[in-house]
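Read in order, the letters of the sequence shown are residues 342 to 413 in the working numbering.
Treat the hints as calculated values from the structure; they're not laboratory data.
Any given hint could turn out to be false.
[Said to hold, decoys possible] Pairwise CB distance ranges, derived in the manner of DEER restraints: (1) E368 x P345: 35 to 41 Å; (2) R363 x E397: 44 to 50 Å; (3) R369 x R344: 38 to 44 Å.
Quick reminder that beta carbons are idealized off the backbone N, C-alpha and C, glycines included.
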Amino acid sequence: MQRPHFACFFLSALFVFSSCVRVQPYERVHHADPKMDTGHERAESQFRVHVHDAREGATAGYGSSGGGCGCN
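Please model the entire structure based on the sequences and the hints provided.
Written as structure tokens, this is what we have:
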């Protein structure tokens, strides 16, 4: 009864840990490609700009014009 469990555990561990490798310095250029960017920094930056504009009541040259708090 223990052998099937051990074999299943061993195969799943082999599958999981096979993807853990060290990236060589000459391979890092592929991972630093801008195409690999997930866009989290851009989305966070846009959110911070939106919050800042809402607090200030105005937008700079990268948004629409207008003022106020946005209340109707």
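Now the hints, each set against the structure:
1. E368 x P345: 35 to 41 Å: Given a distance of about 38 Å, which is inside 35 to 41 Å, the answer is holds.
2. R363 x E397: 44 to 50 Å: 47 Å, holds
3. R369 x R344: 38 to 44 Å: Since R369 and R344 have Cβ atoms about 42 Å apart, the given range 38 to 44 Å holds.
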